[in-house]
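Asker: The listed protein sequences derive, respectively, from chains A and B. Per UniProt numbering, the first sequence starts with residue 1, numbered consecutively. Per UniProt numbering, the second sequence starts with residue 1, numbered consecutively.
Think of the hints as simulated: they come from the structure by calculation, not from any bench. Possibly wrong hints are sitting among the right ones.
Derived Cβ-Cβ restraints for the label pairs, each shown as a range [stated by the list, open to error]:
# : chain 1 : residue 1 : chain 2 : residue 2 : range
1 : B       : P268      : A       : A81       : 42 to 48 Å
2 : B       : P268      : A       : A120      : 47 to 53 Å
3 : A       : P123      : B       : A264      : 51 to 57 Å
Output of the computed footprint for chain A on chain B, the stretches with three or more beta carbons under 8 Å from beta carbons of chain A [said to hold, decoys possible]:
# : region
4 : 37-50
5 : 191-201
6 : 228-234
7 : 244-255
Here a beta-carbon is modelled for each residue, glycine too, at the ideal position from N, C-alpha and C.
There are 2 protein chains.
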Amino acid sequence: MSIFAFLAAAAASPAPATPALSPGEIVAAAPVSDWTPISAEDLLVMDLAPDAAGKARRVVIQLLPDPFSQGWVGNVRTLAATHWWDGLSVYRVQDNWVAQWGDGEGEDRLKAKPLPAGLARVPQERYVLRPEGPERSATHEELDTWLATIEGTHGAWHALTDKGAAIKDTDPYADETFFYRGWPLAASRKGPSAWPVHCYASIGVARDEPPDTGTGAELYAVIGHAPRQLDRNLAVIGRVIEGISYLSSLPRGAAPMGVYSDPAARTPILSVHSAAEVPDLPAYEYLSTESPSFRRYADASANHREPFYVQPAGGIDICNLKVPVRRRE
Amino acid sequence: MSIFAFLAAAAASPAPATPALSPGEIVAAAPVSDWTPISAEDLLVMDLAPDAAGKARRVVIQLLPDPFSQGWVGNVRTLAATHWWDGLSVYRVQDNWVAQWGDGEGEDRLKAKPLPAGLARVPQERYVLRPEGPERSATHEELDTWLATIEGTHGAWHALTDKGAAIKDTDPYADETFFYRGWPLAASRKGPSAWPVHCYASIGVARDEPPDTGTGAELYAVIGHAPRQLDRNLAVIGRVIEGISYLSSLPRGAAPMGVYSDPAARTPILSVHSAAEVPDLPAYEYLSTESPSFRRYADASANHREPFYVQPAGGIDICNLKVPVRRRE
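Only chain A is shown next, with the shape it has when bound in the complex (with noise of 0.2 Å):
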């Protein structure tokens, strides 16, 4: 039965004595057993110059879990407990793109701050999660089979697929989509092949034409609709789970991509630290996308039949389902 068919037949239906929950009525009432608590190790914190009126802009960056993007993690991870970014800046902010940070001088290379030591070349191979051997076409079940093998899976590939209720098994850039460990990943069965997907919020690695991978030096973090066409293109090693209105609310620059041409347009940075380092940082959990809740959350999404809406969709891409993020209490 299609999804439109199960529409036509809930509409004939008499309304419910109390009105359908939203999705955001669903995670204020989900149990704390389905919220996962996110590593302070995972976390690094951006601390910009305070705003024009004086009010602090702490942006809390998450990073993104074993076994993907790892090489590049690994750098961040070094950046940040060397103090690289300190004294550096947002240099770059081009509308419905993206908002980047780093050395605003790293083109010119008398004027580039020099590198930390130990920092990894990461092939571009590692955009994606392969299975071992040569790659191949796979069945949708060879892809699921291979899937299953990866480490904390759980078994919760499909649990918002193709076998879930809440998303049609459609999305332009691969054959499935998915959550894994709390974070939005596609797949493909050429390959097969499995990567962290670009959403709002969504970091990545800045780089120059390939073979370059960029080291993780300067990052971007998107502010505007999904570029899924950058997946499998750029690394993807984290996201803003707080904060993200401090990049996306700053002026967009007027030279091309978004580069501001007045380096006093830059907004400093005063630093990016590991959370061990920032003592006063709340901790933070995430709706575990394998809960009984987020499964409700996800079909209320795709299917909203609170009083304000008319007509539910029947469907969502994967962008569009944010994870919850929270304070831990």
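Start from chain A and add chain B according to the hints.
Answerer: Same frame as chain A, but now just chain B:
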């Protein structure tokens, strides 16, 4: 042959002698004949108060063409003609969601600004376009036959759907997505029906609970990932074609739904007038979505082959394929 099979074949071919063009390069090279003027009658100009540095902030709005959302579009024309928005404000900015403007005191009947006479009350059935007769579940062929009867389609409905080369026939929210006279639309076999979609910079009509459909006095512009769940639930009436960053970079409101707690934080609207009342306004044009250049642009956007890309996506979603709009020389 699937898109992914096609990509595998392409990868095995020798590299082309000259680098493939990027989508932007294709647009820049498009002949004048592939561009379509936007009638000044379909443009509104919203001048916000200058920013803190005294810089003017002009937002140019294009209204949706017949036969979509015309009840609300007519109201918006009346509101602009009577200068209703002049002196009001942008009073709500919610991150990755919308910037909303109109009467910030509208919730308070004693303070609300009276609406002009002659506004239509549009029924919610008008969120979509439907053929005459009872609702039914059409076949794909029947859907296409109906769409082809709509004046001005010029047989272009399929340019970018399953019969086109660029876009995989996959959309989580609809049975088909396509472009109509420069606008992104979606359609369902259920009904059958067709509707304008919510993409970045789309403008919609805020409303209260159903069956209210809004007058058009309170408008929002999308400033984040496309909220396609709003399709068929609120009326899309146009889009911002210039100046969206003056809305997307505004500070986010701290109260629920991004409303500014302090009315002083609102951004004043100096005026919203029809283009006919703005003598210094340039002319605008869009890359005809029925043109050969647009087809090439769409293909290159779905399959980036320029040197920066390692792995073309093999597909694209309707909101990621932005219709190029520029000032007319």
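Asker: The structure should be examined with respect to each hint, and the outcome stated for every one.
Answerer: Hint-by-hint comparison with the structure:
The beta-carbon spacing between B/P268 and A/A81, approximately 47 Å, falls within the hinted interval of 42 to 48 Å. Distance hint check for B/P268 and A/A120: the Cβ-Cβ separation is about 51 Å, which falls inside the suggested range of 47 to 53 Å. Restraint check, A/P123 to B/A264: a C-beta distance of roughly 53 Å satisfies the suggested window 51 to 57 Å. Counting residues of the region 37-50 of chain B whose beta-carbon sits less than 8 Å from any beta-carbon of chain A gives 0, not enough to reach three: the coverage restraint is violated.
Given as covered by chain A, the region 191-201 of chain B passes the check, having 3 residues with a CB less than 8 Å from a CB of that chain where 3 are the minimum. Three residues within the 8 Å Cβ limit are the bar, and the region 228-234 of chain B against chain A gives 5, so the coverage statement holds. Chain A is given as covering the region 244-255 of chain B, and this holds because 7 residues of the stretch bring a CB closer than 8 Å to a CB of that chain, at least three being needed.
When held up to the earlier numbered hints, the structure conflicts with hint 4 and nothing else.
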